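Peer 1: Order-wise, the sequence lines are chains A and B. The working numbering applies: residue 138 is where the first sequence begins, and numbers increase by one. The working numbering applies: residue 662 is where the second sequence begins, and numbers increase by one.
Just so you know, the hints here were simulated from the structure itself, not pulled from any lab data. Just so it is clear, the structure is predicted and the values come from calculations on it, not from any experiment. Using N, Cα and C, we set each Cβ at its ideal position, and we do this for glycine too. Careful: at least some of the hints might be erroneous.
[Said to hold, decoys possible] Pairs of lysine-lysine residues, derived as BS3-like cross-links and limited to a Cα-Cα distance of at most 27 Å, are as follows:
hint, chain 1, residue 1, chain 2, residue 2
1, A, Lys342, B, Lys934
2, A, Lys339, B, Lys958
3, B, Lys904, A, Lys394
4, B, Lys904, B, Lys838
[To be verified] Some chain B residues close to chain A (C-beta under 7 Å, calculated; not the full set):
hint, residue
5, Ala666
6, Ser669
7, Ser712
8, Pro769
9, Met772
10, Tyr884
11, Asn929
12, Ile933
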Amino acid sequence: MTDQSNGLLNVEDLKLHFRTRKGPVQAVDGVTFSLERGPAMVVVGESGCGKSTLARAILRLLPRNVHAYTGRVFLNGTDVMKLGEERFRKQVRWVQMSLVAQAAMNSLNPVVKVGDQVAEPLLVHRKAANRREALGRAAEAFRMVGVSTDFLERYPFELSGGMRQRAVLAMALIANPDLVFLDEPTSALDVLTQTNIMNVLKGIKRDLGMTFILITHDIATSSELADRAAVMYGGQLVELCDAGTFFSEPLHPYARKLMASVPTLREDKALDFIPGQPPSLLNPPTGCRFAERCPSRFEKCTEEPPFQDVGDGRWVKCWLHV
Amino acid sequence: MTDEALLSVSELRTWYELRKWGFFHAGYVKAVDGVSFDLARREAVTIVGESGSGKSTLAKTLLGLVPPTSGEMTIAGTKLDGEKKGKGLAWVRANVGFVQQDPYGALPPFMSVQRILGEPLEIHGVPKTDQEQRIREVLEEVRLIPYGDFIHKYPHMLSGGQQQRLVIARALVLEPKLIVADEPVSMLDASVRVEVLQLLRRIQEQHDLGVIYITHDLSTVRYFSEFAFVMYAAKLVEKAEVKELIHNPLHPYSQALLTAISDPDAANAHIIKEVPGGEPPSLVRPPSGCRFHPRCKHFMEGVCDVDEPPAFQPVAGHEVECWLYREGEVPVDEESA
Numbered sequence: 138m139t140d141q142s143n144g145l146l147n148v149e150d151l152k153l154h155f156r157t158r159k160g161p162v163q164a165v166d167g168v169t170f171s172l173e174r175g176p177a178m179v180v181v182g183e184s185g186c187g188k189s190t191l192a193r194a195i196l197r198l199l200p201r202n203v204h205a206y207t208g209r210v211f212l213n214g215t216d217v218m219k220l221g222e223e224r225f226r227k228q229v230r231w232v233q234m235s236l237v238a239q240a241a242m243n244s245l246n247p248v249v250k251v252g253d254q255v256a257e258p259l260l261v262h263r264k265a266a267n268r269r270e271a272l273g274r275a276a277e278a279f280r281m282v283g284v285s286t287d288f289l290e291r292y293p294f295e296l297s298g299g300m301r302q303r304a305v306l307a308m309a310l311i312a313n314p315d316l317v318f319l320d321e322p323t324s325a326l327d328v329l330t331q332t333n334i335m336n337v338l339k340g341i342k343r344d345l346g347m348t349f350i351l352i353t354h355d356i357a358t359s360s361e362l363a364d365r366a367a368v369m370y371g372g373q374l375v376e377l378c379d380a381g382t383f384f385s386e387p388l389h390p391y392a393r394k395l396m397a398s399v400p401t402l403r404e405d406k407a408l409d410f411i412p413g414q415p416p417s418l419l420n421p422p423t424g425c426r427f428a429e430r431c432p433s434r435f436e437k438c439t440e441e442p443p444f445q446d447v448g449d450g451r452w453v454k455c456w457l458h459v
Numbered sequence: 662m663t664d665e666a667l668l669s670v671s672e673l674r675t676w677y678e679l680r681k682w683g684f685f686h687a688g689y690v691k692a693v694d695g696v697s698f699d700l701a702r703r704e705a706v707t708i709v710g711e712s713g714s715g716k717s718t719l720a721k722t723l724l725g726l727v728p729p730t731s732g733e734m735t736i737a738g739t740k741l742d743g744e745k746k747g748k749g750l751a752w753v754r755a756n757v758g759f760v761q762q763d764p765y766g767a768l769p770p771f772m773s774v775q776r777i778l779g780e781p782l783e784i785h786g787v788p789k790t791d792q793e794q795r796i797r798e799v800l801e802e803v804r805l806i807p808y809g810d811f812i813h814k815y816p817h818m819l820s821g822g823q824q825q826r827l828v829i830a831r832a833l834v835l836e837p838k839l840i841v842a843d844e845p846v847s848m849l850d851a852s853v854r855v856e857v858l859q860l861l862r863r864i865q866e867q868h869d870l871g872v873i874y875i876t877h878d879l880s881t882v883r884y885f886s887e888f889a890f891v892m893y894a895a896k897l898v899e900k901a902e903v904k905e906l907i908h909n910p911l912h913p914y915s916q917a918l919l920t921a922i923s924d925p926d927a928a929n930a931h932i933i934k935e936v937p938g939g940e941p942p943s944l945v946r947p948p949s950g951c952r953f954h955p956r957c958k959h960f961m962e963g964v965c966d967v968d969e970p971p972a973f974q975p976v977a978g979h980e981v982e983c984w985l986y987r988e989g990e991v992p993v994d995e996e997s998a
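Just chain B, with the same shape it has in the complex:
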């Protein structure tokens, strides 16, 4: 990573309190539990995980929508502390853009494109005279052209792909430094998905943006980002460059995830894939030690279920939280052995 960190997150925890009666409560849902990473300008990172792994909560915490329970977040040198109002919050809103998952749900149905894009400008005090210019620029940037055709339309008049581009335009209109995109293409058809991802990629490169792309679909990752983090049960269990992760996954969970993804090939119909059974654990009482141990085929009794594995770095730039890779230990590849 370069020295110029755009976003730096350390030991971030976001816990939701369960049923509260005065001072008493039934426990916490530990949706994000000790997440650390850095992101430089111009870098796109993907966070991959299943539903319930806490990836959306991580996004919400970064956006300041949910206050973190503990930990630190620094964006472009400014330390965030769960601002709830005032200048601090305004600064976060202007500098971190959000691309939501369901474009139709994310756009107010009774507002025209012009008002949807004008509202953030209005709130952040951009003079009226500049507003139209900015709206035009941003619409052209997301290829809603000619912009005159779109400016008076309402969300229902746009197709799914166009709606999602409008959501991206809204995220960009205040010229943020960081974009958080939570499953931006999962609601779109395969034929449009690529178009939207390529658009996002191009905008990211042109404006030197940092992008956090959150998805459960590993197959789109390589087309989008340089780095990928795998999230399982509220933790980032593996961090690596995308190519490295795809060709050399280290964590047993990442390995299972990669096995599970199919490429379109008729041969798939004749093989039964070996994937771990079971379900991701409850985040209220996560398993002791490594959270993947009840499903893991490399489970080592007395090791994996006792202590949480720290991050090991068996390959330079490739971090993994798994006891298989502890210092001085050479992982045995059972297939080749």
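So here's chain A without its partners, still in its complex pose:
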């Protein structure tokens, strides 16, 4: 984890706690991972496990009630946590990392033409000399995501959900960032549209070598893009490994249970579910956070397990795999 030279993104012990009336909420609590340029990573977990907050913490899109925000985030070898807010905005956000937010198709401004909205980052970051050039680049981005350039001159309400989703994706891609966070990019869309968008993402990954971090609760769809898979539970990463090994044999008991609960279309398998509730992030249990719901819990689980490498680039946070 100390070698920051070849990795695109290195996150070390990232914490983001929110202040609430009932006390601090540990939404992201000590997340460590690194990601190389190229392979796409998916982050899966139940709602409320902190996966969206993780993206926001890395992009430094913070609400006002931040209680603690610590850790180190290296992007292309520089510690971006050390940058001031204005420098971060100018040099990092949208230029090196961008985000397709959840329910992105509703995040367009209803009274501004789609083309202008997509082109805006270029003007803000002075990557285009004038509006005409920016619109030209927006047209290119539209072609890339498979939307007719006729739509540049339209308002968001004139586009269907799938088109708006693609427009937002075009906006995230337009400044040519190294890393794009996709927060549930297809969850509000129909199955066929979803597959079409996944095809677009696969094409971009292959042709432009862009790195994606896909955040989702839909495990079946996540496999469409994943090269690396990370499982998040109770604000922490519990498993991180190659997609190939993850989808066939996850190690962490939570990841196993989660995979067993995914309905499959073609194979006959008995489905499982996870009894109980995810832990409250207000007062998370000491020790392993999954212990309460874990079928293979033993005495040691009252202590917090380390998140460590078990070989083959596979990281697990569980006493069973130490």
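Starting from the known structure of chain A, fit chain B onto it as the hints suggest.
Peer 2: Below, chain B without anything else, positioned relative to chain A:
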């Protein structure tokens, strides 16, 4: 299907009128356009379709929330005719339960569990003395136990899965014959989804209920129902047993839908799936002939865009509305040919 039909729907149409000025109007949104099917007791059927295919309107029509424009619905021998008030409506409400999509939105925030479940009993004149007993039974049935822990709680105190179970309890409290569940698990986490579906399945079997499960997620279908209908642009384009549909989809739209659904497998990341582009058509002016023809890869000019295909039955018990399967015509499988 058995002779004892619980629900029988024939040529059902539900059209919404667009912008009305006196006698004039701009047309109709034909949200349900000629739907027929039968459902026997103890049967669960899934209706699969994309958003805007009219599946929720179909649910609302069956529930009597929207009056049908034409067509017939018969539930347990009683013909329904879009009752708006009185005894007829009360009968529908007591016999058809509704499980909504968003449990938090469907539950009144200022009512306790006891009042939520007590209200339908009160309205339908169940004596006070029996009410508590029934509430207890139904809570135990949906596994909100011990029931004493839940009865005084408010919806926000329950987790998503518990809220959805409460919605199911409310649908069951009057002992209906038919349950219409509109995307009952789409708002829940994957880990709870299965639990709720299994619960619904168990209740259906125990009480010999008929269940109509409406969803866009084909992958949960096989865990839930015997039959599946595929809905596209206001019509049921394919009807078959679930296993048959999954292994032998006939309609090009169903085939595309099945291709689009992924099973968790890392190999998916390396293939680009071939799915039809475009969007579902407008229901105000649907395409002529088969409504899927503008997106269909088997489009036959002069056939598909002229007449609407009737239901063909190339395999016993498997109906499909597609010209590829017309009488005397053997569909050519391009891949194997």
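Peer 1: Could you run down the list of hints and mark each one as holding or not?
Peer 2: Here is how each hint holds up against the structure:
For the suggested pair Lys342 of chain A and Lys934 of chain B, the alpha carbons sit about 15 Å apart, so the restraint of at most 27 Å is met. At most 27 Å may separate the alpha-carbon atoms for a hinted pair to count; Lys339 of chain A and Lys958 of chain B meet this at roughly 23 Å. Only pairs whose Cα atoms come within 27 Å are accepted, and Lys904 of chain B paired with Lys394 of chain A is accepted, the gap being roughly 26 Å. Distance restraint check for Lys904 of chain B and Lys838 of chain B: the Cα-Cα separation of roughly 25 Å lies within the 27 Å cut-off, and the hinted pair is therefore satisfied.
Taking 7 Å as the C-beta contact cut-off toward chain A, the hint placing Ala666 of chain B at the interface is violated, the least distance being around 29 Å. At its closest, the beta carbon of Ser669 of chain B sits 30 Å from a beta carbon of chain A; the interface hint therefore is violated under the 7 Å criterion. Because the beta carbon of Ser712 of chain B sits about 6 Å from the nearest beta carbon in chain A, less than 7 Å, this interface hint is met. The interface hint given for Pro769 of chain B is violated, since its Cβ lies 23 Å from the closest Cβ of chain A, which is over the 7 Å cut-off.
Checking Met772 of chain B against chain A by beta carbon gives a least distance of about 23 Å; that is not within 7 Å, so the hint is violated. With a cut of 7 Å, the hint placing Tyr884 of chain B at the interface with chain A holds, because the nearest CB-to-CB distance is about 6 Å. Evaluation of the Asn929 of chain B hint against chain A yields a held restraint, the C-beta minimum of about 5 Å falling below 7 Å. A distance limit of 7 Å between C-beta atoms decides the matter here; for Ile933 of chain B the minimum to chain A is near 5 Å, and the interface restraint holds.
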